[in-house]
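Numbering (the numbering used here), first residue to last: 417 to 1159.
It should be emphasised that the hints constitute simulated quantities derived from the structure, not laboratory data. One or more hints might be untrue.
Straight-line Cα separation of at most 27 Å, DSS-like style, residue types lysine-lysine; simulated pairs [as the list claims (entries may be wrong)]:
id, residue 1, residue 2
1, Lys841, Lys979
2, Lys473, Lys522
3, Lys736, Lys711
4, Lys979, Lys1020
As the structure is a computational prediction, the values presented were derived from the model and not from experiment.
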Amino acid sequence: MSVKKMVIFLLVLISLITAGFVIAEIKDGYNIKRVEAQSVGRNILYVGGSGPNNYTKIQDAIDNASDGDTVFVYNGTYYENVIVNKSINLIGEDRNGTIVDGGGSKDVIFVSADWVNICEFMIRNGYGDDRGGIRLYYSSNNNITNCNICNNNEGIRLWYSSNNNITNCNIYNNTYDGIFVDESSNNNITNCNIYNNTYDGIGQHFSSNNNITNCNIYNNNCGIILDYSSNNNITNCNIYNNNCGVRVFYCSSNNNITNCNIYNNNDNGIVLYSSSNNIIYSNYFNNTNLGIQIKYYSSCNVVLNNTIYNNTQIGISIIKSNNINISFNNITENGCSPYGLAGISVTDSFNNVIYSNVIDSNIGYGVGLWNSSENIILQNTIALNSWDGIIVYSESNDNAICNNNIFSNGYSGVYINSYGNVIYKNSLCTNMEGIWLDVEGNNNIISNNNISSNSYFGILINGGNNIISNNNISSNDNFGVTAHGANNLIYHNNFFCNGENGFDDCANCTNQWDHGYPDGGNYWDDYTGVDNDGDGIGDTPYYIEGGSNCDNYPYIHPDGWDKLPTADSGGPYYSNPGYPVQFDGGNSHDNDENGQSIVRYDWKFFEEDSWHNNIGSIPSYTYMYVGNYTLTLRVWDNEGNNDTDTTTVYINYLPHPPTANAGGPYHVMEDDVLILNASLSHDNDENGSRIVRYDWKFFDGDVWHNDNGSNPSYVYSDPGEYTVTVRVHDDEGITDEDTATVT
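Turn these sequences into a full structure, and let the hints guide you.
Here it is as structure tokens:
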């Protein structure tokens, strides 16, 4: 082989080896599978560097490339506005040294083709309306990776472009947004640092199904903003030192914000504005003005399992938004003295649920309702807040406050200045007052609460027409219940060890401290009367401090009014294997004289069965085998008392009808005695059942001669042909008939 041929061979071999290394590098995470599908291309075109045939401009290399080619750019500064209109790989040597400068006009890189890979560039100085560092225009399935994109109008803009990936990029110091996604879907922004952009870190407009994952987004006006954008996911991001962390605006729905750290933002951590059905899950909020704000007709959003800590004013704020679910959050130490407001604030909002949260150590209220009705506050721990645990104020009506643990708050455990609210089964202790019903706190129900060890009052009543019943009121320093308001009904409460159990200075004694006889009044641990007639009610009144009012029917024992219900399982019941048996517990009843009723029916269908809870008073069950079964009913009243009753279910073989046999045919002379014989009739059951009765008709049109035995006699006076009929009965009441002729 000549030297010239050898040199050519070596150059070709080196080129192939070099291309192989570059291609191998490109394959690592790019769309090379799609590139390999191109029917032409696979060349490498070099820009910069010292190669004799290298291009000096990136655009010249692109213009001479084909789909599937790679344009590799060596370190240097290239003052260009690059247009990529082919499916190529555009690869820089090093993103800190390979610089594309747009010169302050147009896009630095404009991409209109699909399946383009851009990596390892610094892209800067792109300006103009809707222009910036990189613009994807009706362009899909592209990768932008390992780039620095800075000092542009916008860092990256996606316009009607889908299925793109932006990965491991630093996007900073841009005049408008770091990334703006406009009417584009199914894009992924991953592992990016997006910071110091004048407007927003990431903005989305009319865009859906995009994912923002593992990004650091800081020092922007807003970290992320979604408007008219739905079904997006923001996951595992650090969003901090922005004016606002995340804004979800204008009909943006079904977005998920999950496992993000959102902190040190000046205004809100997250704000939802006129946007519904979003989920905020398992995030950390710290040191913002408002941790989460949901406002202006943002309905059906879920705030779940977040930590909301040390925000300046409010942990969670809801304004003019309904059907919000706030559950399993830790909302602590929010509010900055002296201007803190609340852990959770609800204003002009309805049908929201605040469930199983820890709301503690906030400066201000734990939970505040203002002009907000029909909300549910359920099973929360509300403690150590500097003002009230819960405040219900300014026409906040018909709310339910149930099963909460409310303790050690600076003022009242619950303060109510509205009507029609229910406070049920809460524990309220070591507050200043357990419950305070202020002058507009009317027509409320306070029931089944434990109210103890509060420093002033257990319950303070300034309003009217409230019902206070079935509470345990104990060890409150001043008074158990103090009534300044009128027309309140206070009965069936237990009073123990209070400074004074009751106080009533209402004029004209219009408060009632009992419900008449025999329903009775309250239990007072300092009552000294006796019960000579044994009805459980004292024979003399208990007088209330402060005036001349009294409990006319005080109970001798705690909970003396609380009688057990009576269970009635019905029965006994009879059926056969494989047939459903319907049971009836409807005769069960409550024995209290307060109009209460059975609220739950639990059943066991046989002795070894487990309880079938709350299945109603008329269930059914199918037994597959013969036997006698024990049926058990357990009933509950609404005060948690229960009673049981049992009965027996008899399951026998399915009965079979007997077989009648009239005998015959018979022949007899007129006026002679004919002896009939039905003794071959028999029962078909396997349980020893037998024929117990024989009925006969001796001719057509005859009446039944009942219980006439198996061998009756009859005399026919006229010659002719007659039909005799026998009807047999077994001992289960089943019948059969048979006929025979008589001539």
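Straight-line alpha-carbon gap lysine 473 to lysine 522, limit 27 Å: holds (17 Å)
Tell me if the straight-line CA distance from lysine 736 to lysine 711 falls inside 27 Å. Status holds; Cα separation ~6 Å.
Keeping to a limit of 27 Å between CA atoms, is the pair of lysine 979 and lysine 1020 held or broken? holds (24 Å)
Compare the distance between the alpha carbons of lysine 841 and lysine 979 with 27 Å, and conclude whether the hinted pair is satisfied. holds (19 Å)
The structure meets every hint from the earlier list without exception.
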